[in-house]
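Residue numbers (this note's numbering), protein chains in the order written: chain A, 271 to 488; chain B, 2 to 148.
These are calculated hints, taken from the structure and not from any lab test. Where hints are given, some of them may not hold.
As the list claims (entries may be wrong) - The calculated lysine to any residue pairs, modelled on SDA-like cross-linking and capped at a C-alpha distance of 25 Å, are:
1) A/Lys330 - A/Ser471
2) A/Lys382 - B/Cys25
3) A/Lys330 - B/Arg146
To be verified - Some chain A residues well away from chain B (every beta-carbon gap over 12 Å; in silico):
4) Ala296
5) Ser333
6) Phe366
7) Ala380
Claimed, not checked - Label-pair restraints from in silico Cβ distances:
8) B/Arg6 - A/Ala277: 57 to 67 Å
9) B/Ala22 - A/Leu433: 17 to 27 Å
10) B/Tyr81 - A/Ala277: 26 to 36 Å
11) A/Ala277 - B/Pro76: 18 to 28 Å
12) B/Pro37 - A/Glu335: 46 to 56 Å
The C-beta atom is built at its ideal place from N, Cα and C for all residues, glycine as well.
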Amino acid sequence: MIELEGAPLFTLEFGDILVYFTPYTASLFLLALLFTAIVVLSRPERQVEILFGTDACYAKDTSIEELRFRRFMSIACGLATMGAMVSGDVFDYTLFTALVGVTNVGIVAAVKSRHVQNAAFQYGIVALAGTLPLFGGAAIVVASTGTLSILRLAGGTAPGAPLLAKALLTLGVMGEGMAPFYAAKAEMFRAPGAPYVIMCSLSSLLIFLRVIEVVLVI
Amino acid sequence: MIISRISRIISNYGNLMPLFAFACAVLCLLGILMLPVSYHEDQLYRKTQNPDSPLDPYERGGRPLERANITLQYPENSPYAGYVTAYLTPLSLYLASSTLYLGTTIVAHPGGILDEILYNTRGLDTVVESSILFVAFAIGSFIFRRR
Numbered sequence: 271m272i273e274l275e276g277a278p279l280f281t282l283e284f285g286d287i288l289v290y291f292t293p294y295t296a297s298l299f300l301l302a303l304l305f306t307a308i309v310v311l312s313r314p315e316r317q318v319e320i321l322f323g324t325d326a327c328y329a330k331d332t333s334i335e336e337l338r339f340r341r342f343m344s345i346a347c348g349l350a351t352m353g354a355m356v357s358g359d360v361f362d363y364t365l366f367t368a369l370v371g372v373t374n375v376g377i378v379a380a381v382k383s384r385h386v387q388n389a390a391f392q393y394g395i396v397a398l399a400g401t402l403p404l405f406g407g408a409a410i411v412v413a414s415t416g417t418l419s420i421l422r423l424a425g426g427t428a429p430g431a432p433l434l435a436k437a438l439l440t441l442g443v444m445g446e447g448m449a450p451f452y453a454a455k456a457e458m459f460r461a462p463g464a465p466y467v468i469m470c471s472l473s474s475l476l477i478f479l480r481v482i483e484v485v486l487v488i
Numbered sequence: 002m003i004i005s006r007i008s009r010i011i012s013n014y015g016n017l018m019p020l021f022a023f024a025c026a027v028l029c030l031l032g033i034l035m036l037p038v039s040y041h042e043d044q045l046y047r048k049t050q051n052p053d054s055p056l057d058p059y060e061r062g063g064r065p066l067e068r069a070n071i072t073l074q075y076p077e078n079s080p081y082a083g084y085v086t087a088y089l090t091p092l093s094l095y096l097a098s099s100t101l102y103l104g105t106t107i108v109a110h111p112g113g114i115l116d117e118i119l120y121n122t123r124g125l126d127t128v129v130e131s132s133i134l135f136v137a138f139a140i141g142s143f144i145f146r147r148r
């Protein structure tokens, strides 16, 4: 634990759930915080498409209603990502990850384009199916070790989580964040409104970085 | 060559669900091979079964207005833990003393070890759970109401 991510700088207590900041989790948290601030402050991009071989070009505008909703979803996604980065509890981490998956679907599903919505629908189904290994992994962790606290599991006072639970957790996060499917995410990135769509990518990258840490220490 | 073929397959979003389902199926098969996973007897949130109790399967233990003995991960963070566990409303108390089946309707009654865990020791989980629900409602209503 200490070797991998440094000693906790400070912890925040919510009953049995601890939120802890180590150098590793704090830097991920700051990254999510910074990008959430960018999302709050920035205006969406306007995509310009040029018809090849002609002078014609047209700009795609994001309607104000859609902008508001997608900004709301991006901020919710940023908050969920921040929660997932610093959560010191396996079940709490899986809940935040599920929230990231849902908000990611929301960011792309608000775009009024059939192509993007088809991709968002498939993505939503994967996020839905991903909750099964995700929560299954957390359930096996608590059944086989008797505790959910990452600090307690990492400290060596509880028996280590079985490999199956770690594999299930990782697969669940892959489903929620679509980490290995960035090629398919390109379809969603064709949606106009740059900072919001990038939030999907950043959040899935961050939850994937965190699950690697969780799997290594528990 | 093989990488470009793989990336062509996964770039088609219609293949996402089959790919993920395949990964889940492979992991399930591997998981069956890894069995048995041993059960740790010393559980943090333990549940006991006592068929003679009217509160079964949510037997709470403890006496009202006294602190019940429940196990916690970090007892120093929850100074009032154990008080919710033993609490029953007067109606619930009457039902518990007159029938054997209050435990099956426990969700309608405040108090108990579930409330203790949900709202006292693991309150943050409950907040996040309901946020997931609200966000899902927000997405659904936005898409439904959009012209």
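Earlier hints that do not hold, by number: 2, 5, 6, 7, 8
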